[in-house]
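Protein sequence lines, in the order shown, are assigned to chains A and B. Here the first sequence is numbered in our numbering, starting from 1 and rising by one per residue. Here the second sequence is numbered in our numbering, starting from 225 and rising by one per residue.
Since the hints were derived computationally from the structure, they do not count as laboratory data. Heads up, a few of these hints could be off.
[To be verified] Only part of the chain A face toward chain B is listed, based on derived beta-carbon distances under 8 Å: (1) D81; (2) T84; (3) R87; (4) F98; (5) T103; (6) W107; (7) L112; (8) D115; (9) L116; (10) R158; (11) D177.
Every value quoted in this text rests on a predicted model; they were computed, and no experiment measured them. For each residue, glycine too, the CB sits at the ideal point set by N, CA and C.
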Amino acid sequence: MTTKKAAARAVELTKIYGEGDARVAALDCVDVQFYQGELTAIMGPSGSGKSTLMHCVAGLDKATAGRTWIGDTELTKLGDDALTALRRDRVGFVFQAFNLLPTLTAWENIVLPLDLAGKRVDRAFADTIVNAVGLGDRLKHRPSQLSGGQQQRVACARALITRPDVIFADEPTGALDSQSSKELLDFLRRSVDELGQTVVMVTHDPTAASYADRIIKLADGRVL
Amino acid sequence: MLRAVLRDLRAHPGRVSMTLVAIVLGVGFVVATWVVSDSAAATIVSGQTRADFAVIVRTKDPAPLASIARAEGVVFGHSAVVKSDGKLGTGYFPEMAGTDWDASDRFHLIGGRGPEKAGEVALEERTAKDAGHGVGSSVRLLRQDGTSETVTVVGIYTYRTAAADEPMPVVAYDEATALRLAGGSFAWVELFGADPDAIAAQAKAKGFEDVKTRQQIADERAKEASQEAQIARNFLLVFAGVALMVGMFVIANTFTMLVAQRTRYFALLRAVGAKRRQVRRAILAEAAVIGLIGATVGAALGVGLGWVAMTLLRSTGETVIFAVSPLAILVGYLVGLVVTVVAAYGSARRGAAVPPVAALGTDYALPRRSLVIRTVLGFLALGGGTTMVLLTSHTDLSDWQRVVGMAGALLGCVGLLLLAPLLASAVLIPLSRVVSQRGSVVARVAVRNSIRDPRRTAATASALMIGLALVTAFATVGESLSDTFSRVVKADIRAETLVVRGVNGPTQDDIVPKVPGDATAVYHGWGEVDGRDRSITVVRGNGKGLARELPRGGALVREQFGKKVGDTVTVMGKTLRINGVYVDESFLYNGVVVDDPALLGEHSYLDGVYVADADRRALDAAFAERPDIIVMDREQLIMEFIGPLQLALGIVYALLGAAVLIAVFGVVNTLALSVLERTREIGVFRAVGASRGLVRRAIRRESVVIATYGGLLGVGIGVLLGGVMQHVILSQPIFSMAVPLPVVAGALGGMVVVGVLAALWPARRAARTDVLAAIATT
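Make a model of the complete structure from these sequences and hints.
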């Protein structure tokens, strides 16, 4: 048994939507761990509960039952403000689209979590990330002036800027062409390999999943 | 097709209700104003008329008339009510304030009974209230000769006039006492009987003149009243017009947003085969439906508001009639319908132009309308208006030049309204740069959101601007008037000087010898000056309390008189050397100023006694027994004249308040719809760590930015507009206007408050945004 530490985990996680006949268990007593320094892919068909799993573990959604942790912090015990602070400081997000605030420049979007926390920007680290995503010359542009791939890379940079415990990516390549997809996945891979980041990626794209260290498959709300 | 669009509307009740409220408020205020002016007109026309008499004859002796019909002589004589502070009440003419009590409809008893013998009086209701008297209390009345008597109040009445020019007596005596007061003669005689025409004929046959039947008097009165009503209505409708204009901005803006937000829905309709024209028509029909519903509720609200206003008036003791004309309702519907459909037209065209493919994408935005034409028109209007104002900026204006100047100012304002989007960018973009460098995230996000759509921000701020600009303009005119008057008085009278005047202005000069200390009396009158009838001011005393040049045995003339120092002038047959020429406006001096008491003309009156180095207590004591005389200092003298102006301004502010209120709602509307539009980005904002409080603060800040921008623009335009208005009215230089600092500060401070309040609901809504729903990709 290796001594891999979990960056995030869930125990007996259950999420139920609706009542009576319309009752659907999106997650049915799921136990799952996401290890530090790994890129984990969550796969499964539509409606398998993969996004719900990510939302609950990331503190975006409340589970019906069960417990979740980021590091040693139990999310299921936290109120909205504490959850907000946790998302800001210890979790990074990359969504399929609409990742950026349209009125802020690329740079402002990247450092937004630090701004929100009132923290100083570590210039050296920020430069490393900006160089890694290859956006050096586009930092003053607004999201509307960037391509879809560039926008997603800005979102990745923003997710990395706080050196979070874990980055959750929800179908990050869903709206991208294959070239942009490849660049983005390369980048996520490198952030794991070179920066030691932990990444959890929800995807239904086998190519994307092939970048992962580990794949968790879901069907009908259960881990296969 | 229409059904599909209406269904979609029903599916988003929040959006529809926002639009509806805008229409309801706009229509409501217009209808309310119309109802109030209808009611005011009806009250003036029908109010307080009497129909009990048959004929009125102007004669001092009613005796011969008694043979024709029952005759009732009406007496008017001097009387004045002393208030509890020992001074006379104001608001009536003492010369005509006393009358004789009779059983006619002139008097409508509110309490007690009519006076029956000497020592009893009835008081007019408002005067009694003002002086603090009721039935049973003792009241001190001042006679014309300065003596006073204390009598018992036995009744309180309201008075009904017959003729339009009939004075309103405030004290009713028994007939014998009244006749004695009036020197034994009647002002007119009222004849009672069944057949006015026959009575009138008989009176004429007996040689009486000024015989008028009830019908003739009622006709004259109605004519006069309808003119008065028209003036009142026009006055109120100006304010309704302002509210309507503001309402138009809000409705148009709301509708534009409403269509913009449903872009995808329209695209979907187009994708499944709807023609452009069908989409356009559906949107217009939908606007008409919303307009109709809004107008109906608005009209009801307006009638209700009008009723409340009339009821409030009634509770102050005013006899008012509540009248709703069909026209009022019609105007409401017209406004609601036309404004909504016109506002929707541009949006409908753009909504119909949405390509079907937009239904597929998630972020299709309607193309922005070009601002080029609007900007060009704006500059033309602003340039034209400025030119018109500058061409008439000299101070000796003819009437048509005044009109040109005023029209220019208004044209300039229209220009600024057209340029508002450009101005919004010009003001807010630099602000956003500053904020980007030093501001917090909240400030940065807020300011940038406020300029995302300059047209929308401009429309929202413009609505606020119109109301505030008018408030500030009127305040500027009022302040300039007050300022000018107080400057004039201060140039005339020293600061420490006390003034002894009649409570009702001009008075008799028997008080002069009673004034202790260095008193200077100033009289105004008329007399022959160099062969023509002119104003003469007589200054008696050493002039120590005055800050002005004195005649020193000669005369002072106004510059326009055309003579210079050393020339002579003949005043009422006496040749005097001109010792000075005065140029500036004066409160004390009028026409030729002399100091020879012999030159007091026949109709001269004492304007006031100015006392230098006076002991206030000694002065007060000297006139403690003179209710008709009041002692005041210079500030009180100034306030005596400025006070009524402030009151009038207060009414204007209150009427403009409705327009400001509608505009405030416009801010709420814009914010709420913007929040709906930005659900996704607010969701992202929350996901990456913005707390609910932070989201709320960002929306609040945005609201304050928009409101303050509107406030700044409104105050700026208002001061300039006020400058032109006071220039046009007072012939003062344009930039000599006095800036009404309290109003300006109040308006700007108020806008910050408005910003915070307007954001309450939208901010709460934004903070409650469900992160998951917002970032879900469909």
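Each hint tested on the structure:
The interface hint given for A/D81 is met, as the beta carbon of that residue sits about 6 Å from the closest beta carbon of chain B, less than 8 Å. Annotation: A/T84 was flagged as interfacial toward chain B, and the flag holds, the nearest CB pair being 5 Å apart, inside 8 Å. Taken as an interface hint, A/R87 checks out: its beta carbon lies about 5 Å from the nearest beta carbon of chain B, inside 8 Å. A distance limit of 8 Å between C-beta atoms decides the matter here; for A/F98 the minimum to chain B is near 5 Å, and the interface restraint holds.
Hint status for A/T103 relative to chain B: holds, with the closest Cβ pair at about 4 Å, below 8 Å. Checking A/W107 against chain B: minimum C-beta separation of about 11 Å lies over 8 Å; hint violated. For A/L112, the shortest C-beta to C-beta distance to chain B is roughly 6 Å, which falls under 8 Å, so the interface hint holds. Hint on A/D115 holds. Least Cβ distance to chain B is approximately 4 Å, under the 8 Å limit.
Hint on A/L116 holds. Least Cβ distance to chain B is approximately 5 Å, under the 8 Å limit. The restraint placing A/R158 at the interface with chain B holds, with a minimum CB-CB distance near 7 Å, inside the 8 Å limit. For the restraint placing A/D177 at the interface with chain B, the shortest Cβ-Cβ distance is roughly 15 Å, beyond the 8 Å limit, so the hint is violated.
Comparing the model with each numbered hint stated earlier shows that hints 6 and 11 do not hold.
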